Each structure stands twice: as C-alpha cells, then as structure tokens.
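Residues per chain, in single letters:
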Amino acid sequence: MADTETSPPTNVLIVGVGGQGVIMVSKVLAALCQLHGLQVKQSEVHGMAKRGGSVFSHVRFGAQVWSPIIPHGETDILVALEWSEGLRWLDAMRRDSGTFIADTQQIVPPIAFRDRRPGARSGYAPQSPAAVLEMVGTGFALDATRVAAGLGNTRIANTVLLGALSTALPFPVEGWISVLRDFVPPHTVAVNLKAFQAGRDWVESGSRPAEEAARPAGARVAVAARGHRLEITEAWCKGCDICVKMCPERCLRLDERGLAELANPAACTGCRVCEWLCPDFAVRVLDGLGQPVA
Amino acid sequence: MDTLSLDTFDIRAYLREDLLPHFMCPGCGHGIALRALLWAVHERGIPKDRLAVVCGIGCSGRVGAYIDANTYHTTHGRPLAFATGLALARPDLEVVVITGDGDCLAIGGNHLIHACRRNLNMTCLMLNNEIYGMTGGQVSPTTGGGRLTSTTPYGNAEPTFDACALAIAAGAGFVGRGMTLQLPALKTLIGEGLAHPGFSFIEAISDCTEIFGRKNDLGSAPEIILRQKSGMRPDTYGNIVDRPFQAKAMRIGVLGRNDRPEYGAAYRAAVAARIAP
Amino acid sequence: MHMSTRQNLQGNHACALAAIAAGCRFYGGYPITPSSEIAERMSLELPRVGGVFIQMEDEIASMGAVIGASMGGVKAMTATSGPGFSLKQENLGYAAMTEIPCVIVNVMRGGPSTGLPTRPAQGDIMQTRWGTHGDHPIIVLTPSSVREIYAQTIRAFNLSEVLRTPVILLYDETIGHLVETVDLPDPATIERADRKWATGPREGFRPYADPGDGIPAMARPGDGYRSHTTGLTHAEHGFPTQNPADVDRVMHRLLGKFDQHRDLIDSFEALHTDDAEVLVVAIGIAARAAGRAVRQARAAGMRAGLFRPVTLWPFPEDSFREHAARASTVLVVEMNAGQLSLEIERLCAQPGKVARLTRFTGEPIGPAEILATIQERARHGHA
Ligand code: SF4
Ligand code: SF4
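As they're listed, the protein sequences go chains A, B and C.
Heads up, the first sequence is in our numbering, so the first residue is 1 and it goes up one at a time.
Heads up, the second sequence is in our numbering, so the first residue is 1001 and it goes up one at a time.
Heads up, the third sequence is in our numbering, so the first residue is 2001 and it goes up one at a time.
By construction, these hints were calculated from the structure, which means they are not laboratory data.
Nothing here was measured: the structure is a model prediction, and the numbers come from that model.
A couple of the hints might just be wrong.
[Claimed, not checked] Quick list of the computed label-pair ranges, beta carbon to beta carbon:
1) B:1150 - A:134: 40 to 46 Å
2) C:2243 - B:1269: 48 to 54 Å
3) C:2248 - A:8: 27 to 33 Å
[To be verified] Covered by chain B, according to a simulated footprint, are these stretches of chain C (three or more residues, beta-carbon under 8 Å):
4) 2061-2073
5) 2084-2095
All C-beta atoms, glycine included, are put in the ideal place defined by N, C-alpha and C.
Bound-form chain A, shown alone (with noise of 0.2 Å):
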C-alpha cells in the first residue's frame, strides 16, 4: 500500500472535436496499459458526433488509480488532436513538467463563435504554434494531418499523433504496434503503422514548426478567361472536393492545404456547378466588377 501510495498515477488527456479520432487514441493507450499490468482509468465526454464538437478523453494509469478524473492542472501530457482544442486545455496541464503534443490543424469549431455579434470575426484561437511551446514545458506541435495526408488518408491524423505520444511515455514500442494493430480496421493496419512510425520520426528528428500554422483566411478571387471572376471563400471551405470534381472542365483542385483553387483559370467558362454544389457557400463566380452574376 505504502508503495501505491508513493507512485500517484500517470495522467494523460486526450483532446479534439467530433470525427478525430480521440476515442481511438484513448482505448489503445488504455489497452496498452492494462498490458503492462497497471490499473488504468478512461472517462470520455462526446456524444456530438458531428464535426466540431468538443471530445476529450481523460486516461490515468499507475500501480493505483482511484478517480477517473485528472485534478486540474495535473495533466502529464496533453495530445490535442485540433489546434485550439489543445490551446483551450492547456492550463489543465502540470505548470513546468507537462508535455504537450498538438497537431497544427485548425478545425473552426462553433464554439469559436460563441460570443459573434453580427460581422464580428471569428474567435478561434489566435496564437502561433511558436508562442504556445514557449509557454508549455515539453511541446510538439506537428502538422499531423498533412504527415497523413501525404500517406494518403487524413483520417488517421489521430495515429501519426499516437507514434508522437509514443516517445514521452516509458512503454516499448513493440507494446504500441501490436495493440494498434488490434485496433484499427484489417485492410488499413500498414498505413497506420506508418502513420505511427511518421510520427515517431516526427519527435525523434527534432523537428518544430517555425510557420504560423496554416490558416484559411479571406476570400481568394481568381480571374477566369472570360471575364468573370472566381471567388473562393477559405476560411469556409471545408476541402471536401466536391467543387473539384464536379467541375466539368476539370479547372479545380485542391491546394497543399486541402483548401479549393481555381488551377485552371483559362479553362472556367463560369458555368456555376461549382458554387451551386459547394455545401459551404465557399464558391461564388462573380462578373468582371465582382458583382454576384444572375
């Protein structure tokens, strides 16, 4: 007893919106730790399934864990899979020893309107990744979803974040692999084990964000051939590709952030499928003034 006594309990929090992911990163780590023998605690809030609502997911493990809530600011590490989910609960973490590890992908959640008046801007949180780690004790900020991307699924952001968490907790890594391959879908445990490793790389190469992390700002107008103009609104755009694909001159795509533009300019006969199909009234094709064209 003494001894369980001595050792208080490892707590970590797992944070980001509705679709992420945090559950998934929640039950390996809770897996992982029954493993090893520790007792392991997980309570999680979500419910919203939808894009945007808040999820967080409390794991502590030790050789005793009573309560399944961490003590505010008791927080070991903090892995936020939405930037500014991380920023809302970072004064959850210990002061000078906790580690934070967040993925720079920026998801508006409505919450970031909470307190709008009509035209005023959106709150989302305004820090640069470069403040925020001056201001934690340990901290990644990494682009998870464009290290995911570039493996060819965004979905498993979530993963690339676990290879990152992987190296601030004392487990070995063989532990981590074979959970996570019990945990994912058959047909994807190699991209995941990837993603896993991506972000192990990620930590063990040094690697920090010296950018402001992207994000999507005001509109951006392109010209088109004949006159007209195309206006893509960004901070709206969602990067569903539907605009791209629909197109049927082919005069779309998606740029490196996953946000629609105009690649074809010459090509755009100003037809509007594109703004008519675009689910977040990002697309508008405008006259050669700008004006809204009938």
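Starting from the known structure of chain A, fit chains B and C with the ligands onto it as the hints suggest.
Coordinates of chains B and C with the ligands only, in the frame set by chain A:
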C-alpha cells in the same frame, strides 16, 4: 411562373454570414439543400422578414440557424406542430419547416401524417440522409436495406420508408422529391412547393458523408453525391445539369398534387358560413 | 356603469370565457377527461372573436402548436389532464427555456397512468413544478372556485405575458366540473397585459439580454429582427453556447427571473391565521372543505386557521412562514399521497409540526374529517 424574381441570387444575402462556416461535416448535403431552399425563396420574392423557418432536432435541425430570417429550433420531431400553430396564428408569414428523416418520419411521423391531411399552407423540406448523424450514425426509417449503422452492426433488416408515398396517401397538397446533386431542379421543386397554397412536402435526397458514408465505405463526398444519380464514377462524369435523372429505386420530381382546400381558408370559411356577420 | 352578468357557470367553461376575455386567440387542444369542456367551449368562442381553435393529432402537438402560435405573437393556451400533461412536458420545458408565453390548464384526475379518469385528485402538484427535465422557472396558479377560475385564468395570461413564461392553471376535477353562480365582470373592466415587444433598431438587438428586470423583450416575426429561438442553452444573442461562464450567467438570469417580481406572482388566501394554533394548508376542493372545517373549529372555540396558496409555484414561502410562525401544528390536507406536504415540511423544518391528511381514492376529503383532525391536534397542542 410569372411571379419569379429575376434578380441575381447571392446566397449570402440570405445567410447569417457571421455564423459561417457552418458546423456540418465536409461534403454534407444539407448545405446544398439549404442553397436550393434559399434560392427558391429568392425566386419567389419572399422577404426575409416574412420568412419563418421552423426546425426540429438533429443535423437538419441546425440548418435553420444559418438563415437570416425568423428561425426556430424546436424539439425533436415536433417542428410541424410548432409550425401549425405559427401558420394558423400568422397567415401572413411564409412558414417553412426543415426536418430530417428521423425527425420527420420516426419521432415526428404522426405530425407529418396529420399535417398532410390538414393541408395547412406551409412547406416542409425533409432532408433525407438515411441516418441519425448528430447522435453518431444510428439507423433511421429511411436507411437502406443491409446498410451498416451504429445500431445495425449486422446490416439493416428493416424496410425503408418512402416518405413521399406516405405524404401523398395522407393527402398533402404538393409532394415532390429532389436531390442535392441536381440543385437547380431541387430549387424549382421547392419553389413550386412554396407557391402551392396548401401543405407541400418535399424530400431532398441529401448525404451524410462523414458518418453514413464512412461506415458503408461509400467513398469521398463527390463519389457519394454522384451515387444519387446512377452510380457513375466522377472521372467519367459530364454535365450534371442537363441530364435527366434515371433512378432505379426512387422517383424524383413532382410526385403528387392535390388541389383541395387549404386548411386555414377552409376553417375561416366554415366559421364564416355559420357566424352571422 | 359596469355591466356584469350573472350566470350559472361550470368551472371549465369559466376558464374558457376568461381566456377569451384575457385576449387568448389561439387554442391547440386534444380531448381528455376531465378537461374537454374547455376545448369545446373554446372551439365555439374563438371564431367569434377572430381567433383560431385547432384540435391537434396528440397532446404533444397541441403543446407545440400553442408555443408556435405564441411565437407568432398571439396569446395561446391548451388544457389537459394528467396523462396528457405528462406528454406535454418536453415542449413545456421548451417554452420555459425559450421564454414563450403560454397558458396550460391541468384539470387533475386520479393517477398514475390512466388512473381514475373521472375522479378528482391533486396528484400533479409536483409534476407541475418538476415535470419537465432540468431546472426551469414555472408559475402555477390553483383556483378553488368557479369565480376564482375566471380571475386566475386572466391572471395566468397576464403573468405569462409580462414575465414571458408558461403559466399552469391547476385545479382538480371537482372544481372543473363545479357549477356555481358567478357574476362575470364587464369585459371592459378587465385588465389585460401584453408582453414587451422589441422596438428600436435591429443592429445590436440581443433577444435574451437582461434589460434590468430580468425579462427580455420579445421579437415578433415580421418586425424585422429576424432572431433565432432555440431550446439549446443560448447566450444573450440567442445562439447556442456551451461555455460554462455563459451558461452560468444566462441560467442564473432564467432561473432567477421571477425574483424581482414576487409581489406580482405570490398570492394566497389566509383565514383566521393571526392566532391560529392549528394551521391547515390546502388547495382546490380540499381547501374549500378545509375552510368550512376551520370555521366550525372556530365556532367550537378552537384556534384553527387556513392558509390556501393561490400561487402554488413558486410557493409563497415568505407569507407562509409568517402565517405559520405561531402555529404549533400545520395540517396539510391534499388529495394525493403527500406532495404539498413535502414543501410544507421543508418550510417548517420542525419535527412533528407538520401533520398530513391525505387521500387518493378519488373521493374528496370532507370538512368533518378535517375538523376531527384539527380537534385531535388542538388537544395535542394543549397537552
Ligand atoms: S464555374 Fe464551372 S467551369 Fe468554372 S470552376 Fe466552377 S464548375 Fe468549373
Ligand atoms: S465544394 Fe466547397 S467546401 Fe468542398 S472543396 Fe469545394 S470549395 Fe471547398
């Protein structure tokens, strides 16, 4: 169609722009359906101040909040009940209900039946994405046979509900089905619904890309939306506007017209006939 | 000169006539014993004053339609009884949350479930307070005569308008089906209150901002505000919020919005309470029997009194405490297994002070048994 407004339609004039981007998932068809509705509202020249949008609960229920009009986010399955009171009390308003397949056909099914039967002047736009998206992808009355959902892990064995057939049988004044893929056609259909003096029921085939699509391996958002048509692959696909729809299972377009008396007018007439002036 | 009219009127009909007089112009109903006379009378009266009656497909829809009509700016009501009242709870909570004025009459019958449909009971005392989920403000008025039904129905509309809240009119089957001779007031003398409508520019209009008295002005559709109404927890701008600080602030305003208006809300009747040793507390038909028992007790030299809350919720607790301070026994008489007793016990917080006389057989409690209990307690108190 002589009353159609020929002004330029810019959807932003009808949106609460400061609330955007909306919180629907990437590729979610509800945004496209919303465009169709607002375009139709624009064409019919309905002033925003006179437009009252009543929604239920679910992803569809959240759509209304983005409209710059009088918007009401009510309780699960009940928007038609709220709208009935509103439309009777305020015949000067243009009442539009936005609902979903679960909201309208499961928990709110009884209200739909009686709204059709009553034929009170309003337009009900049901966004059908075959799923309860907000709660994490449970089976709905319109989920296709064999589909995987979070509550049909062995495939859906329940028969699929044809909402339009129900609406016609229950006596709705105007019934139609459109799909988000054919946006201009859907817009025209909704416009006819708005113009119809009675209860108009319009089912918009929408898509849940992130939850239903993922669960059933339906591919990317453009692949899913194209499946509405005929399963053509995006890379062989041409002009979506001009080709007629050739659905195998579902008919689209105007499916039912029933020019019987509008309830509000019928009520007033019945009263007037018996109360001496 | 005021023109009042004298007539023999049933309680439920008095309720309907009062609603019309109060300016109610929409009724969304569903048939249920013993409230149906209200719907029937409203279906007859409303068209005569340009109003609309509709019988909806179910109880849930009737509550929804009532709220919908009121959202449109028309005073609206419905009436029901136990099982129907249970079904209305979700939408009732919506009206409380979105602060849409409306009046709901619950003519109580024996429960639970289908219970005793034609028999009187007072089993919904707690359901009117806590029937819908979550903390919420609610006003419940409980008349005990036909004349009082008329007055309290008008008051229910006025309170609901002025305070932007659902108001429940709660009475038992006996009162609802009671026929009494009443003098109805001249409609011209009736005070009618209307909700505060938003005026001024749309720019900067915040539909749920506290103007100081806790009651925001309502935006009427068509007036150009184009605001949003949601049952989700919403901040002052009317759109949802989950931010704990916002939720705390807006919920405090909502839950405390009656605090400044208790003088308007609280109402009760006190009979011989000044020096009462045994204080009887009762509502509805039970209070009428209790009143007679108290007078008989007084005639027999016992110091008995009656405290009858007319506003049941929020309970007029300050007044009750004053009137109960000198009593050695508070006797709660109610037609249920003991609901009002819970509130009275909470307020007295003195072991042995509160006695209960309860019944749930579908029969009213008569003056004789109340008198007997008073006698017993009075003796007890002297001993
Ligand atoms: S307007 Fe037509 S041609 Fe131009 S980008 Fe859009 S879809 Fe392509
Ligand atoms: S359709 Fe809209 S949201 Fe989708 S990629 Fe194109 S611009 Fe972005």
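### Query
Can you list which hints this structure breaks, lowest number first?
Checked against the structure, no hint fails, so every one of them is satisfied.
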